[in-house]
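**Student:** Take a look at the letters that make up each chain.
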Amino acid sequence: MNERVQPANARTRLYVVMAMLGLASSALVVRAVDLQVVRKGFYQEQGDARYLRDLDIPVSRGTIFDRNGEPLAVSTPVESIWASPMALLEHADRIPELATAAGLDEDALKQKLMAYSDKEFVYLKRHLNPDDAQVILKLDIPGVAGQREFRRYYPSGEVIGHVLGFTNIDDAGQEGLELAFDQWLAGEKGIKRVIRDRLGHEVENVELVREAKPGKDLTISIDRRIQYLAYRELKAALTEHHASSGSMVILDVPTGEILAMVNQPSFNPNARGNVDPSYRRNRAATDVVEPGSTMKAFTISAALESGKWKAHTPVDTSPGSLTLAGGWTTHDVHNKGLIDVTGVITYSSNVGAAKIALTMTRDHMYDVFHRFGFGEVTGCGFPGESPGNLPIAKSWGPVEQATIAYGYGLSVTPLQLAQGYAALANEGRLRSPTFVRGAQSPDRAVIDPQIAASLKTMLETVVHPPGGGIKASITNYRVAGKTGTSRTAVGGGYQKKYVSLFAGMVPASQPRLVGVVVIHDPQGAFYGALVAAPVFGKVMEGALRLLDVSPDDVQNWYTATPDPARTLQPARQAPDGATAEPDFAEGVPE
Amino acid sequence: MIWRVLALSVLLLATLVTAIGVVYARQQSRIAFVELTRLGNERDDLNFEFGRLQLEQATWAENNRVEQIARGKLGMVSPSSSETIVVKR
Chain U
22 MNERVQPANA RTRLYVVMAM LGLASSALVV RAVDLQVVRK GFYQEQGDAR
72 YLRDLDIPVS RGTIFDRNGE PLAVSTPVES IWASPMALLE HADRIPELAT
122 AAGLDEDALK QKLMAYSDKE FVYLKRHLNP DDAQVILKLD IPGVAGQREF
172 RRYYPSGEVI GHVLGFTNID DAGQEGLELA FDQWLAGEKG IKRVIRDRLG
222 HEVENVELVR EAKPGKDLTI SIDRRIQYLA YRELKAALTE HHASSGSMVI
272 LDVPTGEILA MVNQPSFNPN ARGNVDPSYR RNRAATDVVE PGSTMKAFTI
322 SAALESGKWK AHTPVDTSPG SLTLAGGWTT HDVHNKGLID VTGVITYSSN
372 VGAAKIALTM TRDHMYDVFH RFGFGEVTGC GFPGESPGNL PIAKSWGPVE
422 QATIAYGYGL SVTPLQLAQG YAALANEGRL RSPTFVRGAQ SPDRAVIDPQ
472 IAASLKTMLE TVVHPPGGGI KASITNYRVA GKTGTSRTAV GGGYQKKYVS
522 LFAGMVPASQ PRLVGVVVIH DPQGAFYGAL VAAPVFGKVM EGALRLLDVS
572 PDDVQNWYTA TPDPARTLQP ARQAPDGATA EPDFAEGVPE
Chain Z
29 MIWRVLALSV LLLATLVTAI GVVYARQQSR IAFVELTRLG NERDDLNFEF
79 GRLQLEQATW AENNRVEQIA RGKLGMVSPS SSETIVVKR
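Each protein sequence line maps, in turn, to chains U and Z.
Residues 22 to 611 in our numbering are what the first sequence lists, from first letter to last.
Residues 29 to 117 in our numbering are what the second sequence lists, from first letter to last.
The hints are simulated quantities; they were obtained by calculation from the structure and are not laboratory data.
Ideal placement from N, C-alpha and C gives every residue a C-beta, glycine not left out.
Treat the hints loosely; a few may be bogus.
Far from chain U by the CB rule (all over 10 Å, computed), these chain Z residues [to be verified]:
#, residue
1, Met-29
2, Arg-32
3, Ser-37
4, Leu-41
Chain Z is faced by these chain U residues, among others (derived, beta-carbon under 8 Å) [as the list claims (entries may be wrong)]:
#, residue
5, Glu-91
6, Pro-98
7, Tyr-174
8, Asn-226
9, Thr-496
10, Pro-572
Bound conformation, chain U alone (with noise of 0.2 Å):
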């Protein structure tokens, strides 16, 4: 029996073994399945996730360069140290040298590396000299890297700070055109895959992800020359009358481009801090002013298109105020008695301004007024642009009407009143002002040419006397522009500050040029004849021998011929020796 069971136990027992061993491989290829198949990509991430990395490729911020090629604002690389703070803090004892190679407080950074000892990265320094940064990397402390990143410098410092604005530490724009063309500066970062050690050294560079797009290049408007004539003459001119700001902004009038836009009081884009914040807002764009007499060209044109009044019409302001109904009177401070329209602009009579205007629907006006771009932004494009402030012609009452005829009940832009100026230089059509180069936006009719051709023949008398803009003029050329004085408005009422203006045109024969000089609260002299129109002519003199116009008012031809018999006639009066009598030019209310 027994001989006879033994083999069908070891049968038996063969079966067990090999089912046994059948299904341990099985279940040996069910998890290798299971493990290479089904959770695959499971695995395969967390894998990866140990020592793949995908980086940042920085990409360096474009270029601004002025109307001539000149660099405005450059990034240039800087190195900043970064630390894994895990892996530092394993190396304690190697704190001390890193802190005074980085010139760190030890304490301040252990208690910093404390505070992070779950993170893997916290900056220790940023923007350093990539010299400096390699005296601290040579070190070699474990948890301890380097990583490249940008600094934007701007070699002209305040003289542009406002046009262009700023970036913030990690080079994006927050102001200006640094903000305005963020997306063209900024470029795209690369991404690229890298195997890296435990210790953040990059041992195999995989694949690129992205390709990185550096930024580009952004060619503006602004002449640095000119710029910096407009700045110096402009600070200059707030020293000498105490005033605590001003503007300036030059228009090429045929295609609008702004040649320089400055303002005081300004600040030092380079150096990043606790600067005012009102020190860095560019007024000639984001600030608006009443624009006094200034305006009183463009009424003229509202008049003129009206066809109710030609350039000669007679205008009788005497006795040089005017009372409306409602007790409301307005005074010009001479008594000019029986003027023509041209004189209302040479003498800047309140009185025939407001006359004229009363003759005038408040429709036709405000259309005239919004057609030269006031109370809506200029389309430039800058960050913050003011879009002034136009009433509507429903709440125009008569004194309404008769004060927004001289510049007060509304308020405009800097730049507003340039562009406005420029359409009248243009024969009467108006074009956004840019700030990129050769980036002219087309034109728009707003006034009849000969309109503007006469008011150009009127503004011209005010820099003649007996205008009062005589300090504007400019040797060898022809100059037409307005003066303007206003009050500083305060809720509701007008304040003893006083706002110097000129806007003008040269060479008036063919305008190349506009400007707008604004001046807030000179000290003892106030009229914008004394304050603005200085500014306007020397900076408008260098401006124009900066860009070759030629002079469109020559006394004195030097013949190329010889001619022994000539003799060289002095050139007409320079405008320093000029006296201006501003005082009967300005209407400003009491």
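Given chain U, put chain Z in place with the hints provided.
**Tutor:** Chain Z only, in chain U's frame:
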């Protein structure tokens, strides 16, 4: 039968060749990538150098500095309008 064996060995061979091809191509792409990175870095370095030089030039040529040296050190003046004669051609 002979065709089958033939087809099979051709396919086998093709698989082998492409397998080696893949390895080769991958190696080549790594080499090319390393070269690309090197050249890219070189280009960047040159660009940075150029940017620094531009910056340096702009700083030296800063209008304010030029004016101060011209007026202060060299005693230069800009001619006033009355001293200017316009030459007509």
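**Student:** Evaluate each hint against the coordinates.
**Tutor:** Here's how the hints hold up against the structure:
Every beta carbon of chain U lies more than 10 Å from that of Met-29 of chain Z, the smallest distance being close to 33 Å; the non-interface claim holds. Every Cβ of chain U is farther than 10 Å from the Cβ of Arg-32 of chain Z; the closest lies at roughly 30 Å, confirming the non-interface assignment. Against the 10 Å criterion, Ser-37 of chain Z stays outside the reach of chain U, whose nearest CB is about 29 Å from its own CB. Consistency note on Leu-41 of chain Z: stated as away from chain U, and its beta-carbon is indeed over 10 Å from all of that chain's, at 28 Å minimum.
Interface restraint check for Glu-91 of chain U: the shortest CB-CB distance to chain Z comes to about 6 Å, inside 8 Å, so the restraint holds. With a cut of 8 Å, the hint placing Pro-98 of chain U at the interface with chain Z holds, because the nearest CB-to-CB distance is about 5 Å. Residue-level restraint check for Tyr-174 of chain U holds (minimum Cβ-Cβ distance to chain Z is 5 Å; threshold 8 Å). With 8 Å as the threshold, the beta carbon of Asn-226 of chain U comes within range of chain Z, its nearest partner Cβ sitting at about 6 Å, so the hint holds.
Of the supplied interface hints, the one on Thr-496 of chain U holds, with its beta-carbon coming within about 3 Å of a beta-carbon of chain Z, less than 8 Å. The closest approach between the C-beta of Pro-572 of chain U and any C-beta of chain Z is roughly 5 Å, which is under the 8 Å cut-off, so the hint is satisfied.
The structure meets every hint from the earlier list without exception.
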